[in-house]
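K.L.:
What follows is the residue order along each chain.
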Amino acid sequence: MFKMIKKSLKTATVTGQYTSDSDNAPPVQCTAEAKRKAKPFRKSLTIREVDTGSCNACEMEMNALTNAVYDIERFGVHIAASPRHADALVVTGPVTVNMESALKDVFKTTPDPKLVIALGDCAINCGVFRDSYSVTGPVDRHVQVDIRIPGCPPKPTDILNVLAELRRS
Amino acid sequence: METLFKKFMAQFEGRVLNVRHCHGIPVANVAKEDLSMMARYIHQDKAMHGTLSLLWAVDHRPCEDRYELLYLFTLRGYQEWMVLTIDLGGEERVFPSITPVIHAAQWYEREIRDMFGLIAQGHPDLRRLVRHEHWPKGTHPLRKTYAWNSVLTREQGEYSFNRIEGEGVFEVAVGPIHAGVIEPGHFRFSVAGEPVMQLEVRHFWKHRGVEKLFEQKLLTAGVPLAERISGDTTVGHALAYCEAVETLLGLEVPLRAKYLRCVFLELERLHNHLGDVGAICNDVAFTLAHAHCGRMKERIMQLNDQLTGSRFLRGIIDVGGMQVDLAPQQFSQLIGELDTIQPDFTELEKILAVNASLKDRLETTGLLKVRTAWDHAALGYVARASGMDRDLRFDRPFAAYNLLPVKVPRYQEGDVRARMQVRIDEIHESMRLIRQIQSDIRPGPIRVEPTTMPQPGDWALSGVEGWRGEILYFVMAGEDGRIHRCKIRDPSFVNWPIIQQAVMGNIIPDFPLINKSFNLSYAGNDL
Numbered sequence: 401m402f403k404m405i406k407k408s409l410k411t412a413t414v415t416g417q418y419t420s421d422s423d424n425a426p427p428v429q430c431t432a433e434a435k436r437k438a439k440p441f442r443k444s445l446t447i448r449e450v451d452t453g454s455c456n457a458c459e460m461e462m463n464a465l466t467n468a469v470y471d472i473e474r475f476g477v478h479i480a481a482s483p484r485h486a487d488a489l490v491v492t493g494p495v496t497v498n499m500e501s502a503l504k505d506v507f508k509t510t511p512d513p514k515l516v517i518a519l520g521d522c523a524i525n526c527g528v529f530r531d532s533y534s535v536t537g538p539v540d541r542h543v544q545v546d547i548r549i550p551g552c553p554p555k556p557t558d559i560l561n562v563l564a565e566l567r568r569s
Numbered sequence: 209m210e211t212l213f214k215k216f217m218a219q220f221e222g223r224v225l226n227v228r229h230c231h232g233i234p235v236a237n238v239a240k241e242d243l244s245m246m247a248r249y250i251h252q253d254k255a256m257h258g259t260l261s262l263l264w265a266v267d268h269r270p271c272e273d274r275y276e277l278l279y280l281f282t283l284r285g286y287q288e289w290m291v292l293t294i295d296l297g298g299e300e301r302v303f304p305s306i307t308p309v310i311h312a313a314q315w316y317e318r319e320i321r322d323m324f325g326l327i328a329q330g331h332p333d334l335r336r337l338v339r340h341e342h343w344p345k346g347t348h349p350l351r352k353t354y355a356w357n358s359v360l361t362r363e364q365g366e367y368s369f370n371r372i373e374g375e376g377v378f379e380v381a382v383g384p385i386h387a388g389v390i391e392p393g394h395f396r397f398s399v400a401g402e403p404v405m406q407l408e409v410r411h412f413w414k415h416r417g418v419e420k421l422f423e424q425k426l427l428t429a430g431v432p433l434a435e436r437i438s439g440d441t442t443v444g445h446a447l448a449y450c451e452a453v454e455t456l457l458g459l460e461v462p463l464r465a466k467y468l469r470c471v472f473l474e475l476e477r478l479h480n481h482l483g484d485v486g487a488i489c490n491d492v493a494f495t496l497a498h499a500h501c502g503r504m505k506e507r508i509m510q511l512n513d514q515l516t517g518s519r520f521l522r523g524i525i526d527v528g529g530m531q532v533d534l535a536p537q538q539f540s541q542l543i544g545e546l547d548t549i550q551p552d553f554t555e556l557e558k559i560l561a562v563n564a565s566l567k568d569r570l571e572t573t574g575l576l577k578v579r580t581a582w583d584h585a586a587l588g589y590v591a592r593a594s595g596m597d598r599d600l601r602f603d604r605p606f607a608a609y610n611l612l613p614v615k616v617p618r619y620q621e622g623d624v625r626a627r628m629q630v631r632i633d634e635i636h637e638s639m640r641l642i643r644q645i646q647s648d649i650r651p652g653p654i655r656v657e658p659t660t661m662p663q664p665g666d667w668a669l670s671g672v673e674g675w676r677g678e679i680l681y682f683v684m685a686g687e688d689g690r691i692h693r694c695k696i697r698d699p700s701f702v703n704w705p706i707i708q709q710a711v712m713g714n715i716i717p718d719f720p721l722i723n724k725s726f727n728l729s730y731a732g733n734d735l
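Residue numbers (my numbering), protein chains in the order written: chain D, 401 to 569; chain G, 209 to 735.
It should be emphasised that the hints constitute simulated quantities derived from the structure, not laboratory data.
Just so you know, even glycine gets a beta-carbon here, dropped at the ideal spot from N, CA and C.
Watch out, some of these pointers could steer you wrong.
As the list claims (entries may be wrong) - Pairwise CB distance ranges (calculated): (1) D:T509 x G:M661: 48 to 56 Å; (2) D:G476 x G:G232: 40 to 48 Å; (3) D:T446 x G:M405: 49 to 57 Å; (4) D:K403 x G:D547: 16 to 24 Å.
For reference, chain D alone in the conformation it holds in the complex (with noise of 0.2 Å):
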């Protein structure tokens, strides 16, 4: 117990120093009807990530925004384990032939209003898979996409940022 105490009181603060550098972040592309739609949302997001087919290291990124040091809870924002409990989509991934229809699923199932947003390179133009045989496309292609975060994959920092905008509208 006192050990416990003392450990805390010389500790500092051991979270929080991620840089922010909004010199090279990408430009925040948030259009003013993305904005309009993000406004019912503005102080408590709910998100579902679907993942369509990425490379797995924009998933690591969704989940480095929940750890202790970006803690994206603070802003009124929580990952859902339904699409039925999600005002936004966060899709990741060129379409696959084998999550085509998953992801028009999962769209339906979200209740309106709702959100899309395209996450990283892949989900925007496909990246490196583009125009593969068991590619479809991008997210767009078959859902209407609300807001897109470039990046391969784009940091943490970057999707905090955007989401950071939506919240200002």
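Position chain G against the provided structure of chain D, taking the given hints into account.
P.N.:
Structure of chain G alone, referenced to chain D:
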């Protein structure tokens, strides 16, 4: 070296049609009829004790009208490799299955059937694997006659799962989209009461046609694609690809570049293992460890970013050497960071070791027996937690590992706890290796430019011990420095079928935990 291969040759004198060496690996061409018998000998003979490491096909058209099937075996002690090949000429589409003899061949032969349309005769399970039921009949993407950018049409079809029937038996379907932020895959459990009677893993939802995409590339231009096969193994895949291509091009990479490659491979191992230890604890609701491991992992990722400009260490390895060098002060920064993380982690380790409820959940959960692991030719920490002493860094050193003796942890228990313990030991070992590299590394050039072109048809095999296990690359050169065939084997492809064995008898709520202790890549498996 090659004593075991000589033994094989002595055993089958006169029956082997042709022997050659391809960049140091002995290759024996045999008749189709003899294959099963020889494979059985390699697998079951006490002295050979071989496991099947890779089985793949090559379409030699347009040069020659034949398919070639290649079987890579890792022989006793995991240090010696040998390859058996058989040819299918003209209209032949059937080859003998070795699955009845060697269990590890099961998915490979199904994959070959899907990708090439070659049928393994005698295979117990010839359902589709990569091609889902809606793919049109007769689509075999890796045949040379199939265009890489074809557009697939859709057909109706239904996949039939392995069924257990009887009173009180019911099925639980999970996926392809899961509750967590993870990749898509489908799991079908058959349960009666609590314990799992059977699990069938159905994957390949993310199949992106990577191997076909490689065939459109120049040998020297494949690294960006290799880095995106499985994002968490960026360095492992890039390095394995480069090693294979460098062997083909006859490039001798400068020593400094080799050392740097080891540094980044160990950094990748560190951040993944740190994340895994936390995630395993999180799956039994021990969130303290998850929070601490999460921040330590984040520190390594930020360090990666500061050192190379990429959190995933992308774009730093290239054919012929490195794109990025580390200055002495960067090395000191790296060591300084490790010096602060290691005591933190050691402290956490002590907490983990004495926590009774954690122990209770982790021990004897997801048991993988030594024999089962060997039968399936398990890889990486899964193998090392089940008594298999295999680590390519030690067995067949690549990059600079011949100068860096690696201590390989090994446990016999085969449960979740053992798989976590292997990771914990490897975290300390990786830190030790990085420190040793810092004291050993000398200034020098970090890359050489390729000067020669390989002969079309020449091939090379490379193996790299990524953080998840053994990554294998087979690269065959085509015309004008292009790639004729690139076979990629992420360790996940081998370890996924094993998870089906490890969950047997456990309860479904323990499945996420067992799955996390394997932590396999869906993207690397599906390609």
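K.L.:
Taking the hints in turn, state whether each one holds.
P.N.:
Taking the hints in turn, this is what the structure says about them:
| no. | hint | verdict |
| --- | --- | --- |
| 1 | D:T509 x G:M661: 48 to 56 Å | holds (53 Å) |
| 2 | D:G476 x G:G232: 40 to 48 Å | violated (59 Å) |
| 3 | D:T446 x G:M405: 49 to 57 Å | violated (36 Å) |
| 4 | D:K403 x G:D547: 16 to 24 Å | holds (22 Å) |
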